[in-house]
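J.: So the chains spell out like this:
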Amino acid sequence: MSGSDSTFTSYEGSSKVKTGKGNGDIGGRPEDTNPCLEIHFQTQLSSPKPDVISKLKKGDTLNIELRTIHTQVVVAAIFDEEIAGGIASPQISSIRECIQKGTKYRAKVISIHEGLVRIDVFALMNDE
Amino acid sequence: MITIVGGVYYESCIQPRWTEYMGSGGRAVSTIARMNADANLFTYLDLKTEGIIENKAALENFKYSGKRITQLGKFEYMHGLSSPTIEIEQRTYEPIEIDTDKILCFGMLEGEAIIKSDYAVYDPQNHKSPKHFHENGSNTTHLALILNTHEAKILSGDSHLEEKALIQKLVEQSSAEIVVLKQGPRGSLLFHNSEFTRIPSYITEKVWKIGSGDVFTAHFAHSWLVCGRSPSDSAYVASKATACYCNKGMLPDQSEIEKSSFPTARVSNRVQEGYQPKVYLAGPFFTLSQLWMIEQARNNLSSLDLEVFSPLHDVGRGPAEEVVHHDLEGIRQCDVVFAIGDGLDPGTIYEIGYAKALNKPVIFYAENVTAEDMKMMSGSSCIISTDYVSAIYRTVWEAISI
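Protein chains in written order, with the working numbering: chain A, 1 to 128; chain B, 1001 to 1402.
Bear in mind the hints are in silico, worked out from the structure with no lab data behind them. Since the structure is predicted, the reported quantities are computational estimates derived from the model, not experimental observations. We put the beta carbon where it would ideally sit given N, CA and C, even for glycine. Do not rely on the hints blindly, as some may be mistaken.
What the hints assert, rightly or not - Reference listing, derived: stretches of chain A covered by chain B, where coverage requires no fewer than 3 residues with Cβ under 8 Å from a Cβ of chain B: (1) 38-47; (2) 57-65; (3) 106-115.
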């Protein structure tokens, strides 16, 4: 099995942390603001784990954390110490970097329709 | 290990509200990984989406390789049966070339996949100009072609053939050993070893339509290529797995598929012999939004092969003495009624009561009506749905069973 040219890259088993670019960029802000605290968006829980999301209800809060699965560091939504799913958002790279710098994130469940769970992701202020 | 090649796209739906990074390739690799099989996706990806797919791959345990593109394609749906608005780069990228034993291959918008394999399941995934598997130089020893009726007609170049003749023509053109014609709520028709087998669909309370065709194809490929089941057993499993997916909007695992017990969608003899069921479309048409809704429902019911009687289109506006008796005759002649309930229009409520008095099945679609206001409908065996696509599918399942 082979890719056809040099632009074909495989990411299997790798973990990379990038500086955010584009939507959710965490660079280029005034020095007195922390862009990590400004990340706030709504998205859908991706890769949902049925056993965990079956326990979720509207208004529940999930922790957004980095977890290592095999050798890969992933951004995961945690409920009751279990992975409920991931986040399918272009902001994921920014969140990953911000968590590594110490910012904490939570996600509130906005709605649940069977397997479709919408969440509101936000940063905790330093004193929270 | 099964290799998958197919597109990853940003998909969104306005109602029900939903967003995901899926596409046929992305959904298929998630589907097969959910069955605990080793799956490796080849696709086109832009820089912004890499992190998302990387995260999904780790959470769901699949492998992937992405050929870099500038901008990921977008599919935006108004609802699950609407034609999506597609945003895609107006350029064609270099093909993805793969040499492997077993592959599931979807048609892509950014470029082509050129395959060499022993076994291939191919779903052209193109409503405008689907291509045959071998057309770009791909070759395989054993080919299963899976596609819907619309794609089959275009691919065969003959839109007038009945389903079996259509499949025979595709077999001649593509040298496929297996052809599965996906027919939505009517199930599918499988051809293998010179025999046709009708595969049923299953009746679910809810129908999450977006991606259901991908899920069917992915489960067929998993069952045939990984589990080694026969083509017909694979199609049965795929249909059941697709029902699980449609009912919850989530990819099922092995245990959920085994535990599921949905009723089979029955197709009456007269429908099997070519009868086209008639549906009466009841609903208000005074405002633009109501007219839009009528138009959507009429188009969606027609596209699922029902004959639609729409008072707006088939009788028109006019004074009571000119239109009402035509409307009521429409109800008497129909097999089933699809009623749009939001707003509780008096004319629509009358039509529902008239139809129930004639023992006609009524599907009552309303997103914003209280249980109290639906008491008469729920108490008289109307099928009630707050979800549009589910209501349309329930209508088809009722109509084809009579």
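J.: Taking 8 Å as the C-beta cutoff, is the stated coverage of the stretch 57-65 of chain A by chain B satisfied by three or more residues?
T.: Violated, because only 0 residues of the stretch 57-65 of chain A bring their Cβ atoms closer than 8 Å to Cβ atoms of chain B.
J.: Can you tell me if the stretch 106-115 of chain A counts as covered by chain B, using C-beta to C-beta distances under 8 Å and a minimum of three residues?
T.: Three-residue rule met by the stretch 106-115 of chain A, so holds; n is 4.
J.: Please verify the coverage claim for the stretch 38-47 of chain A: does it have three or more residues whose C-beta sits within 8 Å of some C-beta in chain B?
T.: holds (count 4)
In terms of the numbered hints stated before, the structure departs from hint 2 and from no other.
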